[in-house]
Amino acid sequence: MADAAELVRLLRLRAAPRPSPPQRSGPPPRPQPQRLLRGLPCRRPPPLSLRCRALDASGPAAVEGERGEEDVFEDEEESYFSVTSSGLSQVDYLGQSTRGDLNVRRERLEALGGNGESTLHGPIEEIAWKEAGEAETLLHDLGIADPFSVRHSPRGIFCTRTLNLRSISVIGYDMDYTLIHYNVMAWEGRAYDYGMDNLKSMGFPVDDLKFDPDLVIRGLVIDKEKGNLVKPDRFGYIKRAMHGTQMLSTPFVRELVDLRKESRWEFLNTLFSVSEAVMFMQMVDKLDQGLVPAELGPLDYKGLYNAVSKALFRAHVEGQLKREIMAEPERFVEPDPELPLALLDQKEAGKRLLLITNSDYHYTNKMMNHAFNRFLPNDVGWRDLFEMVIVSARKPEFFQLSHPLYEVVTDDGLMRPCFKANSGGLYSGGSAQMVEKSLEIHGDEILYVGDHIYTDVSQSKVHLRWRTALICRELEDEFDALVQSHGQKEKLVTLIQQKEIVGDLFNQLRLAQQRRSNSRPAQTLAATCMDDQELTESMQKLLIVMQRLDEKIGPMLESDGELFNKRWGWLSRAGLWDKSHLTRQIEKYADIYTSRVSNFLHYTPFMYFQSQEQTLAHDAHSYFREESIKVQ
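With the numbering used here applied, the sequence shown closes on residue 632, and no number is skipped along the way.
Please keep in mind that the hints were generated in silico from the structure rather than gathered at the bench.
Possibly wrong hints are sitting among the right ones.
[Said to hold, decoys possible] Below 30 Å or equal to it, Euclidean Cα-Cα: the simulated BS3-like pairs (lysine-lysine) are:
1) Lys541 / Lys261
2) Lys322 / Lys366
3) Lys552 / Lys489
4) Lys347 / Lys226
5) Lys461 / Lys437
6) Lys310 / Lys322
7) Lys239 / Lys461
8) Lys366 / Lys310
9) Lys579 / Lys302
10) Lys579 / Lys552
11) Lys491 / Lys437
12) Lys302 / Lys499
13) Lys224 / Lys286
14) Lys541 / Lys566
15) Lys499 / Lys541
16) Lys437 / Lys499
17) Lys226 / Lys261
18) Lys200 / Lys224
19) Lys224 / Lys322
20) Lys210 / Lys286
21) Lys420 / Lys347
22) Lys130 / Lys200
23) Lys461 / Lys489
24) Lys566 / Lys347
25) Lys261 / Lys286
26) Lys210 / Lys302
27) Lys552 / Lys566
28) Lys579 / Lys461
29) Lys552 / Lys239
30) Lys261 / Lys461
31) Lys226 / Lys286
32) Lys588 / Lys239
33) Lys224 / Lys461
34) Lys210 / Lys224
Using the sequences plus the hints, can you model the full thing?
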């Protein structure tokens, strides 16, 4: 990818006025490839003709279409294609809408013999193999990563439910930690400082405490009744736990809990939760040590959590933190010059973009100006990217209830009540149902992208059936750590498999001994013929081997994932084999997930994301073999 300066140059190039085509005589020129290389200074085509579908999609393809209201390829040259409109869309064999698919026009098909088969010579399997090989070579020559390389990278987009991006008419975005990524040490560190100042004013001892962001990770759960921080697996069993700032040993960990009891649990669903969790766990230590002044009243862990939450809430409500960030955004915001280009691709492909954020107008405008405008071409501002902007949205209620709608009518943030949202408007409040009604869309035509698994993703999915994407920046660090630890994990798995084989033999000999003690024959003639001493000595030797293996396996299991976080291990896993509770939530509610919005730049607005095979315990073999489908 190009650096920031180069991306800005390419953006300005793209926005340059397009000259009128010169008058030609004689036969039309041979068509040239359309913008296969990003930034190539060629004449820009109309929207929706930016890419050949074969380069970036593997979903079902339509080959026949009708002229309709969404045919956007009418220019000075004859059009070969049409786009499936909403009224003509169907469902393909993977259950996805064909809305937005590119089709060869009927008259072109008729000229090619009715269905285009006259242009193909030989079995389709052989043709597809050859075309795939040529496509892979061309992608390489053009410097474009193939889908497999992109998918298996820290900045891949990972799919849990098949999604035809061409069928998406509207893409909505959250702002904080989605479009704009904050430096966690800076943002959460200052939130921690302000929160601790408020606790100190309330009488709590905090002078010797410092912010430690490595103390927690996303996906953990605060136990407000016991003063613990826990990491549950997908079934609700606690796999790792911490009381105060001290990790608990294994005997205290294995417990099945009901995570639906909201009064007891607080989920760390976003990076905004880091400062609160660190504050609470540090204050649990103070409470256990008897250092909390008696005049604050008898406090249990739940009362302590409420005090911490109140102190942090004051830091946000009083506005000191946001004023500091607005005054020096460069200290807190991590720039991403690729982001505007990714959104421009989507907008030019006909997607209507929305910004739906809980932040207020003044903060949103300041942050978006800082993060976007310097990377946009000419006089384009961040507002030009979005069909509609909604601030102070009050998510998750935004997806559930209907709140009054106000239009922001001045740069100073002056608002007036209104009853209908219009394209190009800037609003405060309202509801998701209002958005659907104003844009005349529904459910699966909308993709909403956010960083909060509950506020952004699950609620828009459950209440409105929107398609969803989760942004989780930590995926990049975890991906790199998984690659680095691959060799160590192979050794661990080998030891576990060796113990399993040794254990199988031990169990069979133990069963033979049990049957012998009851005057019954063993499972086989050979086992029956073993004398008592040989049986006992073999079992003794196998037990010693397994015990020695356990001494090796135990510490390796304990350290598994420490390249990501020394206390909690992997973000996505709870134990060696099982998924974390967070991963289960992602699989349930997020159709796709990735580390940052600009990762869409590595794909196209026409991508057909396919979920991968989900293996089951009884699957002896996986039917998906990446090596077998790659072109040799």
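Checklist entry - Which earlier hints turn out false for this structure, listed by number in ascending order? => result 1, 4, 11, 12, 14, 16, 22, 23 and 24
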